[in-house]
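Asks: Sequence:
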Amino acid sequence: MPSSPARTARRLLAAGVALILAAGLAGAAPATAAPDRHSDGSQPLPGYTISNPPLDPLVVDGRPTSVRQGVHRHAGYIVEVPARWNGDLVLWAHGYRGQEKVLSPEPPGFGLRQRLIEQGYAWASSSYYSNGFDIRSGVLSTKDLATHFGRLVERPHRTYLAGVSMGGYIIARSLEQYPGFYDGALPMCGVLGDQTLLDFFLDYNLVAQALAGVRAYPTPADYLTNAVPRIQQTLGLAGLTPTGPDTTNDLGKQLRAITVNRSGGPRPGADASFAIWKDFLFAISTTSGGDSPAQRPGQLATNLFTRYAPNSPVDVNATVQRVAPENLRQRLSPTLTEVPRIAGRPTAPVVSLHDLGDLFVPFSMEQAYARDVAKHGRSRLVVQRAIRAAQHCEFTPAEAGAAWDDLVSWVRHGKRPLGDDVTDAAVVAAPDYGCRFSDRAAYAAGVGTRRLYPAC
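All the letters of the sequence shown, read from the start, carry residue numbers -28 to -1, 1 to 428 under mature numbering (1 follows the signal peptide of the UniProt record, and there is no 0).
The hints are simulated quantities; they were obtained by calculation from the structure and are not laboratory data.
Each hint should be verified, as a subset may be incorrect.
As the list claims (entries may be wrong) - Per label pair, the in silico range of CB-to-CB distance:
#1 393 <-> 418: 24 to 34 Å
#2 349 <-> 153: 33 to 43 Å
#3 284 <-> 412: 38 to 48 Å
#4 70 <-> 283: 45 to 55 Å
#5 291 <-> 385: 48 to 58 Å
Here a beta-carbon is modelled for each residue, glycine too, at the ideal position from N, C-alpha and C.
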């Protein structure tokens, strides 16, 4: 007789198939309009305020840029246009802001604001009409701002997307939501594996609990002060640091190996990155919010179909708690929901950057996207690059700038740039993986976590 998890998995699959058939859709559906509780959209939605302090213009070749700021469809925005505008627009998609009620747009990071202006590009950035893990608000607000730019300035010749973290999620979905509207995209440290990021967070906590014999899901109010210290003590994690001795016992080593495999597989710097992120991965599971997936995205996570490796010394696959998604309908819906699916159908050239050791948005996000894109025969549109660093979005201006320049050359001249193979396990595990596009000057200077990796 099938085990209880197997029966639950079969029921989930059957329900999912029925839902998809009922929807009658295999890809993105037309976007729904943003909430419009104020007729002209000139104010934030109830409960929100907008912080958009004046941005000083840049001066290029003795001439200042034109900076415009305001509110459009409940979102704050910044627009900056150089004196010698080349006619192209770059839309910047910011990352996750938590559940706070202050909305704020931001200039492009990693030296890109200066680079764009010097190259003649205009840029625009939206605060989105809401915070939280609300991808839909980012997709809609960014598109609205692109249209608004055409009225404020004039319609651009080409429109690019660039952004970080959750902004990468917004970028990938935007390319599918509005096919043909955007001409190129630069997602960095992006959530390109959509809801599988939530599965990764769930995996870490449930596997750690199974190994330690501490069942604590759903996480109780005292999870971080009671259950987690007991788990860490049992697995030998409490004293683990990136540069210190390995304090893990056999159980802790199994958790580390499973986490490495679930986050992208064996690769340079994997053990050090585990030591950096081990505590954070417990803490993120306790994020509280309301009932919507944007406020409580963990309700979409599942591990019903997950097989963990290595499966010894503890038979984790037999003992781990299995969790079905609370909100199955939104998990499987192809429409533009708050936390939507990414099908893997980009409609413009994409150059992405990702840190090898990032476990907030792990490298496996790139692998998931590469597999989905290949499944739809669109690998020719995606170039991915690995950076040897362990923090989230730890890029230098040289790395981001080179990726931007290569994307522009690709869009304008058809020259597809070089990238890294992210799906070949042997390639990813090679000691020099990530060297090709990592900033060697940053390593020489000891910037950030660069020295946790051997010199290239």
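Asks: Please go over all the hints and tell whether each is borne out by the structure.
Replies: Now for the hints, and whether the structure bears them out:
Between residue 393 and residue 418, the C-beta spacing of about 29 Å keeps the proposed range 24 to 34 Å intact. A C-beta distance of roughly 21 Å is found between residue 349 and residue 153, which places it outside the suggested range of 33 to 43 Å. The given range of 38 to 48 Å is respected by residue 284 and residue 412, whose C-beta atoms sit roughly 40 Å from each other. Checked against the hint of 45 to 55 Å, the C-beta distance between residue 70 and residue 283 comes to roughly 36 Å, which is inconsistent with it.
Taken as a hint, the range 48 to 58 Å holds for the pair residue 291 and residue 385, whose Cβ atoms sit roughly 55 Å apart.
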